[in-house]
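Undergrad: Chain A: place on chain U using the hints.
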Amino acid sequence: MRNICLIIFLLLPFLSAQADTMVVEVRIKDHLFFPDEIRIPADTKVKLLIKNEDVTAEEFESYELNREKVIAGGSQAIVFIGPLSIGVYPFFGEFFPKTAQGKVIVE
Amino acid sequence: MLLNAVIIVLREVLEASLLASTFLAISQMLQRDRKWIFFAFSLGLVMGSIYALSISSVSMMFGGAGQEILNASMQTLIYLSLLVFAAAVPHQNKPLFRNLTIISLVFAVVLSLSREGSEVLLFITGFIGVPTLFNSVLLGGAVGAGIGLSVGVFFYYLLIHLTPRFGVWLGYVILLLISGSMMSQAVEFMMQADIFSSTAPVWDSSSLISERSISGQLLYALIGYEATPTLSQVIAYIGSMTLFIVIAITSSTLREKHL
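From first to last, the protein sequence lines are chains U and A.
All residue numbers for the first sequence refer to the working numbering, where the first residue is 4 and numbers rise by one.
All residue numbers for the second sequence refer to the working numbering, where the first residue is 2 and numbers rise by one.
If we strip away everything but chain U, and leave its shape as in the complex, we get (with noise of 0.2 Å):
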């Protein structure tokens, strides 16, 4: 039990704060990205919904974001990113890298 709380202790200072949280919506049809450009403000925290609206799955993924996400198509997901510092970020569809390619405009 002891173990456990001081698990629980030591995770304290990562775990995030639930505050208001700025959405932003991003939708894929047709293998792209609307919008394909996401401007936020820096060192905020943003949460993504992204809607896939294609038939086929998608995977959003991010080297600079680091983030990765299968969204099965006809469905939609949510990605938290941020807080970011001032810089561009881009994000591609994996499954359909060709045409989906968008980028975090961070400002």
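Each hint should be verified, as a subset may be incorrect.
Straight line, CA to CA, 20 Å or less: simulated DMTMM-like cross-link-like pairs of lysine to aspartate or glutamate [unchecked claim]:
{"no.": "1", "chain 1": "U", "residue 1": "Lys-101", "chain 2": "U", "residue 2": "Glu-62"}
{"no.": "2", "chain 1": "U", "residue 1": "Lys-48", "chain 2": "U", "residue 2": "Asp-33"}
{"no.": "3", "chain 1": "U", "residue 1": "Lys-54", "chain 2": "U", "residue 2": "Asp-39"}
{"no.": "4", "chain 1": "U", "residue 1": "Lys-106", "chain 2": "A", "residue 2": "Asp-205"}
{"no.": "5", "chain 1": "U", "residue 1": "Lys-54", "chain 2": "U", "residue 2": "Glu-28"}
{"no.": "6", "chain 1": "U", "residue 1": "Lys-101", "chain 2": "A", "residue 2": "Glu-212"}
{"no.": "7", "chain 1": "U", "residue 1": "Lys-106", "chain 2": "A", "residue 2": "Glu-212"}
{"no.": "8", "chain 1": "U", "residue 1": "Lys-32", "chain 2": "U", "residue 2": "Asp-46"}
{"no.": "9", "chain 1": "U", "residue 1": "Lys-50", "chain 2": "U", "residue 2": "Glu-62"}
Computed, partial: chain A to chain U, Cβ under 10 Å [unchecked claim]:
{"no.": "10", "residue": "Ser-57"}
{"no.": "11", "residue": "Gln-193"}
{"no.": "12", "residue": "Asp-195"}
{"no.": "13", "residue": "Ser-199"}
{"no.": "14", "residue": "Arg-213"}
{"no.": "15", "residue": "Glu-227"}
Calculated directly from the structure, the hints in this document are not laboratory data.
The C-beta atom is built at its ideal place from N, Cα and C for all residues, glycine as well.
TA: Just chain A now, with coordinates in the frame of chain U:
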């Protein structure tokens, strides 16, 4: 679409294939029956299909964090079974521990296969509704899976043909790296789901080895390479490897005392 399918399926298959072939080689070095791999493979594929079929509902569980929580749990369970394995190997003259070594390996392979397998299945089945592309995706997927499996087979033979002493050591080092990689990825999923808070990366080695490059992808599959890890990921990586070493050493010291 053909080449695209080759690459996507290869990437997923490669991870599971390297893990499975390492475990297979280790069980060969421990002079075990290797039949467990067929059982693990079949069970992994069944579980992967179930995961793929239910991904939409899983995804929206826990306020949209279901997929991350499930993935992070699976990775933590793989890590825990590696710890059980490390603890059980030195005592394998006892039947209980002998069975534990195989059970932990089967468990890890099944979990790893279900995760990677579900992604491959989701990718391929998505094309059932697109008949013009379905054949080339199937063909590409088969080629990708073939290459991934061949690399695994090659790796297996490489490991078992090393001198036994060196082979066991290398096997342990790989398990250690998989441990770190699993826990660092689990932490990343917890940040993606906003359960752990995300912080700025501790370093950026993307100019040195980009995660987009082939070497970056291979390093990701082998040692869980990240070009821009956060502090919590680095702590998870080092912490989980340290615990693995401590358990492996403690367990073999205990055996020596009993002898």
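Undergrad: A/Asp-195 was flagged as interface toward chain U. Is the shortest Cβ-Cβ separation under 10 Å?
TA: holds, 4 Å
Undergrad: Within 20 Å, alpha carbon to alpha carbon, are U/Lys-54 and U/Glu-28?
TA: This hinted pair holds, its Cα atoms lying about 8 Å apart.
Undergrad: Is the interface hint for A/Glu-227 satisfied, with its Cβ closer than 10 Å to some Cβ of chain U?
TA: holds, 7 Å
Undergrad: Please work out if U/Lys-106 and A/Glu-212 have their alpha carbons no farther apart than 20 Å.
TA: Roughly 17 Å separates the two Cα atoms, so the pair holds.
Undergrad: Keeping to a limit of 20 Å between CA atoms, is the pair of U/Lys-48 and U/Asp-33 held or broken?
TA: violated, 28 Å
Undergrad: Checking hints one by one. Is A/Gln-193 an interface residue toward chain U, by the C-beta closer than 10 Å rule?
TA: holds, 5 Å
Undergrad: Measuring from the C-beta of A/Ser-57 to each C-beta in chain U, is the shortest one below 10 Å?
TA: holds, 4 Å
Undergrad: Would you check the hint for U/Lys-101 and A/Glu-212, treating anything up to 20 Å between C-alpha atoms as holding?
TA: Holds, at roughly 18 Å.
Undergrad: Within 20 Å, alpha carbon to alpha carbon, are U/Lys-106 and A/Asp-205?
TA: holds, 19 Å
Undergrad: Would the stated hint for A/Ser-199 survive a check requiring a Cβ distance to chain U of less than 10 Å?
TA: holds, 7 Å
Undergrad: Run the distance test for U/Lys-50 versus U/Glu-62: straight-line Cα separation, threshold 20 Å.
TA: Given pair U/Lys-50, U/Glu-62 holds - Cα atoms ~17 Å apart, limit 20 Å.
Undergrad: Would you check the hint for U/Lys-101 and U/Glu-62, treating anything up to 20 Å between C-alpha atoms as holding?
TA: holds, 13 Å
When each numbered hint is compared with the structure, violations occur for hints 2 and 8.
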